[in-house]
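Protein chains: 2
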Amino acid sequence: MADLVRIVVDAMGGDNAPVEPIKGAVDAVKERKDIKVILVGVEDIIKKELAKYPDYPKEQIEILNATEIIETAEPPVFAVRKKKDSSIVKGLNLVRHQEADAFVSSGSTGAVLVGGQILVGRSKGVERPPLAPLIPTAKGVSLLIDCGANVDARPSHLVQFAKMGSIYMEHIVGVKNPRVAIVNNGAEEEKGNALVKETFPLLKACEDINFIGSIEARDIPAGYADVIVCEAFVGNVILKLYEGVGSTLVSKIKAGMMTNLKTKIGALLVKPALKETLKTFDASEHGGAPLLGLKGLVVKTHGSAVAVEIKNAIFQCVQFKQNGINEKIAERIQKAKTDEAKQGE
Amino acid sequence: MADLVRIVVDAMGGDNAPVEPIKGAVDAVKERKDIKVILVGVEDIIKKELAKYPDYPKEQIEILNATEIIETAEPPVFAVRKKKDSSIVKGLNLVRHQEADAFVSSGSTGAVLVGGQILVGRSKGVERPPLAPLIPTAKGVSLLIDCGANVDARPSHLVQFAKMGSIYMEHIVGVKNPRVAIVNNGAEEEKGNALVKETFPLLKACEDINFIGSIEARDIPAGYADVIVCEAFVGNVILKLYEGVGSTLVSKIKAGMMTNLKTKIGALLVKPALKETLKTFDASEHGGAPLLGLKGLVVKTHGSAVAVEIKNAIFQCVQFKQNGINEKIAERIQKAKTDEAKQGE
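Chains A and B are the protein sequences, given in the same order. Sequential numbering from 1270 applies to the first sequence in my numbering. Sequential numbering from 1270 applies to the second sequence in my numbering.
In case anyone wonders, no lab produced these hints; they're calculated from the structure. Misleading hints may appear alongside valid ones.
For identical chains, the list gives no copy identity; a pair is met inside one copy or between any two copies.
Keeping only pairs whose Cα atoms sit at most 25 Å apart, straight-line, the calculated BS3-like set for lysine-lysine is [what the hints assert, rightly or not]: (1) Lys-1305 - Lys-1317; (2) Lys-1460 - Lys-1351; (3) Lys-1460 - Lys-1353; (4) Lys-1533 - Lys-1408; (5) Lys-1445 - Lys-1597.
Isolated chain A, as found in the complex (with noise of 0.2 Å):
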């Protein structure tokens, strides 16, 4: 059983829990034996809720106590310092001792990139552990690189971001040699703030990553890119934007098909359609957000996800240990410093 892989699921965290985090876990070992699934939460609730299903692999699935819940609006820091047996907290704690491979969580996001970062613990030579959610495009998706807690970011966090998001792309979602920009309010050469500016010329002289330049936000949607590089303040902005004027939009054309009787009909024709459209436009369908550069593997699951999300987000989890990313990344931060090194001589 050396193969297994073992992801840690928070049954305690989002809105749906613990139902759907629970049934998540149950379907992913129904469908794959080379995992074990172990649910971190009060263990009442979790074995009531299992009992549910009488019907599945019980060797592949332990409960892990856990008596606190971190909420959403608990100041993270504090809340990862004080709860210790918190869901959040023991999770993460059986992925720093290496008794988890990842853990999965759609808690606070707060809480799981303080804890992924002060209790996992970065991979070594990474400065900052950037959260890359997938965002869909007109093309299929690209990886928004870094929409975590690092607002602020040097010129140096964004190049790991670079190499991390490409090789995140290439070996889970099998994008060859994947186009990396960085974002920028203009594709001239004089446009950008200080911190872009400063970063360029140093993506630009990167070897190791397909660099093509800014990118403008109008074209991110288009798929201009597969990795898009931002500091975590602005990536927060085009995350929560792509939400935002999509669900803004969608209730006015809903509205707009309302009006009369003949758009009535026309809408009743075309809404399979457009439900399938939409949902393929949706940012919240594109599984978990990996937090990069840990020593594990952290993988946030939207506030609102499903059993479906949760299985999605396990099977990730199992690509991920099986491509050997961390250990790609690890190799890749660690040549680059050894090149400075080099050129600093």
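Start from chain A and add chain B according to the hints.
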């Protein structure tokens, strides 16, 4: 004729020049007696184009010859300095010398921003002039301030943006006591990058604005605030992503409706309503963006603006002038400076 508002229109700027700017000017003078439009650009071209409209009050349109054109791709600072006989430089100089009240252009955003600042000049006490487009929301429009050239702004700049934006929304758009919010990566107190953390308490202390706190990008399209304050890099990302997500989503929806005969029939029935809906949610439909805090008014219209948008921008200038917005801004900024000085005593 003391109340005549004199507006310079760049006849050479934008994708649809000279046809659309000139048509916009003609339509404007046909509708209002209290304006004079000065068309600036290559005289022969303007004359030839104007000849197509035999029937308009000729005394309300003048031509100012300008032999050069600043292209969108030219580095703005260099272009403004070098092309003294361009439509942008000559038009802005009319405003500088108070021979015109306002300048409207669909040309190079960079050149208009740089030229506005250098040639027209800032109002006394204004640290940076912000470019402030109106963006569509579920409830109407919000003012996004700043989308201009001031990347890496300082907290004091953002405070001035909030004040100027409030005056504009109240007196031009007609929103009583407009809600002001700062773009942030979360609603919690501890969120924000260095700039936002430093600006937040300053905005909170302003007694002359209705500051409601942080706004996450997700809530911008929903219309949670009337004045959206941010520095220009983030403002540019928001404005461009609005366009990008909107247009990608719309083409996906259109394609989705063409999948089979049933959806095609449905599409025919909903098309007019859909078109109307999308029009109200098009960032480019909401007139020109003013460059606030200058000694005169400078309005940047979308590069693809057509006659009706130029006409609306001209009327916007009239309203701006007649409502004494510049005087109101100067007064408010001066008052803040005086109050500060008093507190410092």
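Check: Is it within, between, both, or neither for Lys-1305 and Lys-1317, if the alpha carbons may be no more than 25 Å apart?
Finding: within (20 Å within a copy, 78 Å between copies)
Notebook entry, point to check: Using 25 Å as the alpha-carbon threshold, which applies to Lys-1460 and Lys-1353: within, between, both, or neither?
Noted result: Classified as between: cross-chain Cα gap 23 Å, same-chain 47 Å, threshold 25 Å.
Next item on the list: Could you figure out if Lys-1445 and Lys-1597 sit no more than 25 Å apart (CA to CA) within one copy, between two copies, both or neither?
Entry: within (16 Å within a copy, 57 Å between copies)
Next item on the list: Indicate which option fits the pair Lys-1460, Lys-1351 if close means a Cα-Cα distance not exceeding 25 Å: within, between, both or neither.
Entry: between (45 Å within a copy, 20 Å between copies)
Notebook entry, point to check: Checking Lys-1533 and Lys-1408: alpha-carbon separation at most 25 Å within a copy, between copies, both or neither?
Noted result: between (31 Å within a copy, 23 Å between copies)
This entry satisfies every hint, going by the numbered hints stated previously.
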